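Asks: If you read the protein sequences in the order shown, they are chains A and B.
In this text, residue positions in the first sequence follow my numbering: the first is 1, and each later residue adds one.
In this text, residue positions in the second sequence follow my numbering: the first is 1, and each later residue adds one.
Incorrect hints may appear among the rest.
[Said to hold, decoys possible] Interface residues of chain B toward chain A, partial, derived using beta-carbon atoms under 10 angstroms:
#, residue
1, Leu6
2, Leu9
3, Leu23
4, Thr40
5, Ala45
6, Ile49
7, Gly76
8, Pro112
9, Asp113
10, Ala115
11, Ile194
12, Ala233
13, Glu235
[Stated by the list, open to error] Which residues of chain B face chain A? A few of them, derived with a C-beta cut under 8 angstroms, are:
#, residue
14, Gly32
15, Leu227
16, Val228
[Said to hold, decoys possible] What the simulated footprint calls covered on chain A by chain B, stretch by stretch (three residues with Cβ under 8 angstroms from a Cβ of chain B suffice, anywhere in the stretch; the number is not a length):
#, stretch
17, 14-25
18, 30-39
19, 62-69
20, 77-83
21, 90-101
22, 107-115
The set of hints was computed from the structure by calculation and includes no laboratory data.
Keep in mind the model is a prediction, meaning the values are calculated, not measured.
Ideal Cβ placement from N, Cα and C applies to all residues, glycine included.
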Amino acid sequence: MNHRNSVPDSDELARWVSRTLSIGTALAISAIALGVLAGLISGDASAPPGRGIGAQIGAGRPASIVALGLLLLALTPIAQLLAAIAAFRRQGERRYAAISATVLALLVVGIAAAAILTPSGG
Amino acid sequence: MLLVPLLTLGFGYSLTSAVGTSLVCVIATAAGGAAHNVRTGRADARLGIVLAAGTVVGAFTGGFVAGYLPDRILAGLFAALMLFTAYSLSRRLSARDAEEGNANDAVDPAAPDGAGAPAYRGRRRGLAVGGSFVAGNVSGLLGIGGGVITVPLVHLVMDAPMHVATATSNFMIGMTAAAGAFAYLLRGDVDPAIAGPVVLGVAAGAFAGARLALRINAARLTLLFLLVVLYVAFEMAMRAIAPSA
């Protein structure tokens with residue numbers, strides 16, 4: 001029996017997705033906080049050279065840690081979808097596993113298209 | 001929703017940089033809420049994932065197009081969004097009591113499709129996915145979560161209860177915002193030196209706000225928000241009409 005404010009025992013989707021979102025956000029926020037703190041301590045809070053997020057992360061400066069945190073944050077919903085696919089498969093809901101995989105594929109194709117169409121190349 | 005005008009009108013950011021930064025902040029705030037809503041069974045994750053197919057494609061399109069649109073057109077679109085938000089807020093002020101009365105409707109969003117599945121899940125699904133594409137477009141273009149469209153879409157078009165519509169919209173927001181955010185991150189429109197402190201501030205604000213909201217008069221808060229939104233609509237409209245002003 002399910003209640004609105006309790007976790008349904010059979011629904012691993014709820015556990016896996018919520019855990020993935022919490023861990024992803026915590027990691028990303030920690031990296032951003034660490035980068036901001038490192039920038040304050042070193043006195044170098046300026047943006048790293050290079051236009052795309054890849055170049056920003058590779059610049060090896062305090063703001064690069066922040067850039068890594070921003071990337072982790074943007075990747076968290078992708079991890080959310082991976083968790084949903086795994087949970088749906090485990091629960092035998094093949095239809096929703098396929099829909100989740102389609103959404104994930106749309107995201108990956110879109111990111112690849114954005115990387116190719118972006119002059120800086122990320 | 002107010003972060004874009006704050007960064008542009010308050011700190012002189014370009015609209016594209018502000019939108020990119022805002023999208024990253026949207027992920028930070030939505031992920032915490034989505035985790036809670038999924039864990040407690042408030043969000044209909046199955047419906048959310050179906051509709052996310054529309055919002056994700058829409059957000060990519062919006063994020064890509066935004067890089068090529070002049071600031072004044074984005075400002076005009078933002079002014080229109082603010083006016084729509086003001087309209088929604090004024091309606092909420094008058095209908096708030098009725099919505100609260102429905103908050104405990106018995107629904108099992110965790111039910112897989114089948115005899116026990118919520119009835120709304122099969123209703124006007126094609127139209128809802130199409131509407132989600134529009135929501136994603138607005139999200140990618142203007143740096144918002146898209147809830148301003150997806151909540152009424154799920155509630156009014158699909159007939160889902162309001163609390164399910166709100167939680168399900170929140171579940172989709174992270175995926176939608178991530179789709180839009182990548183276009184900005186890859187273009188280098190998000191400055192980590194600025195975005196870092198802003199994300200931390202927004203995350204802390206969301207954490208504190210969720211607790212403060214329980215002790216603040218909701219109607220008064222909505223009225224205050226309505227006034228701020230109207231002011232932002234005016235400023236953005238002026239920016240669209242006379243960019244140098």
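Asks: Now tell me if each hint is right for this structure.
Replies: For each hint, the structure was consulted:
1. Given hint, Leu6(B) at the interface with chain A, is violated; its Cβ is 19 angstroms from that chain's nearest Cβ, farther than 10 angstroms.
2. Given the 10 angstroms rule on beta carbons, the hint for Leu9(B) is violated: about 22 angstroms separates it from the nearest Cβ of chain A.
3. Hint status for Leu23(B) relative to chain A: holds, with the closest Cβ pair at about 8 angstroms, below 10 angstroms.
4. Taken as an interface hint, Thr40(B) checks out: its beta carbon lies about 5 angstroms from the nearest beta carbon of chain A, inside 10 angstroms.
5. The beta carbon of Ala45(B) comes within 6 angstroms of a beta carbon in chain A, closer than 10 angstroms, and the hint placing it at the interface holds.
6. Against a cut-off of 10 angstroms between C-beta atoms, the interface hint on Ile49(B) holds, since the closest Cβ of chain A lies about 5 angstroms away.
7. Among the interface hints, the one on Gly76(B) is violated; its C-beta lies about 25 angstroms from the nearest C-beta in chain A, farther than the 10 angstroms criterion.
8. A cut of 10 angstroms between beta carbons decides the hint on Pro112(B): the least distance to chain A is about 5 angstroms, and the hint holds.
9. About 7 angstroms separates the beta-carbon of Asp113(B) from the nearest beta-carbon of chain A, less than 10 angstroms, and the hint is met.
10. With a least beta-carbon distance of about 15 angstroms to chain A, the hint placing Ala115(B) at the interface is violated under the 10 angstroms criterion.
11. A least Cβ separation of about 8 angstroms between Ile194(B) and chain A falls short of the 10 angstroms threshold, and the interface hint therefore holds.
12. Using the Cβ-Cβ criterion of 10 angstroms, the hint placing Ala233(B) at the interface with chain A is not satisfied: the shortest such distance is roughly 29 angstroms.
13. Checking Glu235(B) against chain A by beta carbon gives a least distance of about 27 angstroms; that is not within 10 angstroms, so the hint is violated.
14. Interface hint status for Gly32(B): upheld, as the beta-carbon distance to the closest one in chain A is roughly 6 angstroms, under 8 angstroms.
15. At its closest, the beta carbon of Leu227(B) sits 31 angstroms from a beta carbon of chain A; the interface hint therefore is violated under the 8 angstroms criterion.
16. Proximity of Val228(B) to chain A is violated relative to the hint, the smallest CB-CB distance being about 26 angstroms (cut-off 8 angstroms).
17. A count of 9 residues in the stretch 14-25 of chain A with a Cβ less than 8 angstroms from any Cβ of chain B is obtained; the coverage claim is therefore met, three being the minimum.
18. With 5 residues bearing a CB less than 8 angstroms from a CB of chain B, the stretch 30-39 of chain A meets the requirement of three and the coverage assertion stands.
19. Taking a C-beta to C-beta cut-off of 8 angstroms, the stretch 62-69 of chain A contributes 5 residues in contact with chain B, enough for the three needed, and the coverage statement holds.
20. Figure legend: the stretch 77-83 of chain A, annotated as covered by chain B; annotation consistent (4 residues with Cβ-Cβ distances under 8 angstroms, at least 3 required).
21. Interface restraint, the stretch 90-101 of chain A with chain B: holds (6 residues with C-beta to C-beta distance below 8 angstroms; minimum three).
22. For the stretch 107-115 of chain A, the stated coverage by chain B is satisfied: 6 residues place a CB nearer than 8 angstroms to a CB of that chain, which reaches the threshold of 3.
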